[in-house]
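Top to bottom, those sequences are chains A and B.
So the first sequence is residues 2 to 259, counted in the numbering used here.
So the second sequence is residues 2 to 310, counted in the numbering used here.
Hints were generated in silico from the structure; no laboratory data involved.
Think of the CB as a built atom: it goes at the ideal place given N, C-alpha and C, for glycine as much as any other residue.
No incorrect hints appear here.
What follows is a set of in silico ranges between Cβ atoms, one per label pair, in the way DEER data are often shown: (1) Val45/B x His8/A: 46 to 54 Å; (2) Gln80/B x Phe116/A: 42 to 50 Å; (3) Leu25/B x Gln133/A: 44 to 52 Å; (4) Val45/B x Thr233/A: 31 to 39 Å; (5) Ile43/A x Gln83/B: 19 to 27 Å; (6) Gly18/B x Ile43/A: 30 to 38 Å.
Spelled out, the chains give:
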Amino acid sequence: MSGRIVHIASNTFREAVRDRVLYNLVAFALLMSGAAVLVGQISIGIERLVVINLGLTAVSLFGIVIAIFIGIGLVSKEIEKRTLYTVLSRPVRRWEFIVGKFCGLAGTLVVNTFFMAIGVFGALLYVSHHFQRADGWVLVALYFIILQFLIITALALLFSSFSSPLLAAVFAFSLFIIGSFAEDLRGFASMTSGVSRWLAFGAAYLVPNFSALNVISSVAHAQPVSAQLIATNTGYALVYVGMALCGAVLIFERRNLK
Amino acid sequence: MKPSRTITIFAGLLLAGCLLASILLQRRLDQERSQATLEEILYVPSPKVLKRLSLGYDGLLADIYWTRAVQYFGGKHHQGAQEYKLLAPLLEITTELDPQLMVAYEFGANFLSAKPPNGAGDPQRAVELVEYGIRQNPNEWRLYYNLGFIYYMELHDYAGAADAFARGSKVPKAHPWLRIMAAQMAQHAGDAKMARMMWTATYESSTDPSIRANAATHLRALQVDEEVSALESIVAQYRQKAGHLPGGFPDLIAAGLLRGVPIDPLGHPYKLTPDGRVEVQSPDDLAFITKGTPPGYVPPKVPKFLPSD
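Use the sequences and the hints to build the structure in full.
This is the structure:
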């Protein structure tokens with residue numbers, strides 16, 4: 002079982018790595034990190050801050066774009082090219098296909114983030130001339146960004162399991178935006194009453210909480226991130242990914258592929 | 002020539018021509034549209050709305066707004082502007098987006114409080130900005146120092162300044178200067194000694210080159226003001242004794258009132274005019290001086306800082 006998932010994951014990884022769009026986006030993110038050095042020079046006293054803020058924002062946004070645009074094609078492309086039938090005609094379960102696809106793209110995103118992080122740290126070294134102890138928190142912010150990618154990838158996969166690539170992209174991107182307002186949504190829900198209160202709370206807890214996974218601003222100010230937040234965010238991301246993947250598997254298992 | 006080669010050359014030349022034309026037209030558009038229209042607009046004036054629109058990337062947006070505030074102030078200052086309408090809103094948006102951005106409070110309060118053309122001449126707004134910063138960062142002693150500085154230098158509210166320094170002195174790891182300044186304020190409020198102490202503290206406690214240069218320039222200006230006052234009182238003393246004005250510093254030296262020709266902080270000798278006034282040789286190099294300038298002297302729009310500072 003695990004061998005089959007690994008095979009699908011490694012094929013997905015290889016396929017994603019061959020995608021030229023991916024390289025363009027990674028190059029653009031690295032360019033943004035480099036541009037941060039220039040932005041710092043036309044301002045006062047924020048060289049280091051702007052490198053971290055702009056660098057990590059570029060890593061996060063470009064990674065989300067990669068996750069969505071590759072994630073939505075994971076299932077539909079296989080159907081379109083009819084390669085899915087070849088895969089499923091072998092002793093591969095549908096859920097293994099979904100999990101393998103997810104692992105492959107997640108691996109691609111981790112490798113991408115690693116290269117983009119090298120760009121950020123390179124720019125940081127250029128402006129500061131040396132690393133500080135507090136720069137270690139940037140790694141925590143990068144870890145949270147990877148958790149964001151995992152959630153987005155799982156959602157893209159969920160939507161691509163039942164809709165067209167275009168709709169799946171719209172759904173995933175909308176959920177990313179709504180998820181960035183997750184804390185506000187809960188705030189609005191607490192102000193309502195009756196049935197609408199329950200509905201609002203239900204919606205607020207159903208959308209992914211991306212705001213808790215964004216600590217870019219605080220690590221830019223060298224503020225530490227608590228171990229409790231790291232543990233809670235890790236647990237939350239894994240549970241949410243599990244939920245989205247289960248949804249994708251449930252839909253894909255029942256989908257008529259004829 | 003092959004048709005494909007002809008097309009390549011034609012398309013290449015057309016591309017270059019269009020690029021050149023678009024640059025020229027863009028320049029024309031910049032000239033036609035007034036500068037004020039381009040600069041004096043805040044498309045989204047609400048910091049709260051901007052924070053929401055940032056999708057959590059508020060740190061980056063704060064950096065962008067801070068850079069915009071710096072560029073706006075720098076551009077206006079370079080033109081010798083008397084009005085800085087957007088400065089306060091830009092700083093408020095910046096600090097709301099990133100309440101920990103210390104540099105926006107420290108420099109922003111200076112930009113806001115200084116009299117035009119060196120600043121917006123709005124010390125009350127500067128006080129509000131720094132007070133907001135203190136509420137967000139109660140353990141940053143530098144903010145209390147900045148607050149006291151505005152109260153002292155711009156508002157001449159010595160009680161307010163003493164209170165700010167006293168509050169700041171209670172903050173953990175506060176600079177020892179704060180306690181001394183809080184104590185000295187009651188005794189020496191409004192005199193040059195206190196001002197010198199404050200600029201010295203600014204010079205010694207800052208690592209930022211522009212803040213240090215500004216403090217060094219103010220310290221030189223205080224020294225010139227004091228020396229010119231002292232020299233003019235010596236001239237008055239001579240006139241009282243001799244019944245006429247001295248013809249130059251040698252007369253004062255011969256009368257035993259001076260040991261030698263006095264020199265300003267830049268190393269140039271002071272000038273003694275026939276009507277008994279003392280002037281510096283190059284007032285443009287000694288920004289912020291209030292004494293020792295020729296009658297009708299208009300200082301440069303942008304104060305000159307020495308590279309050695």
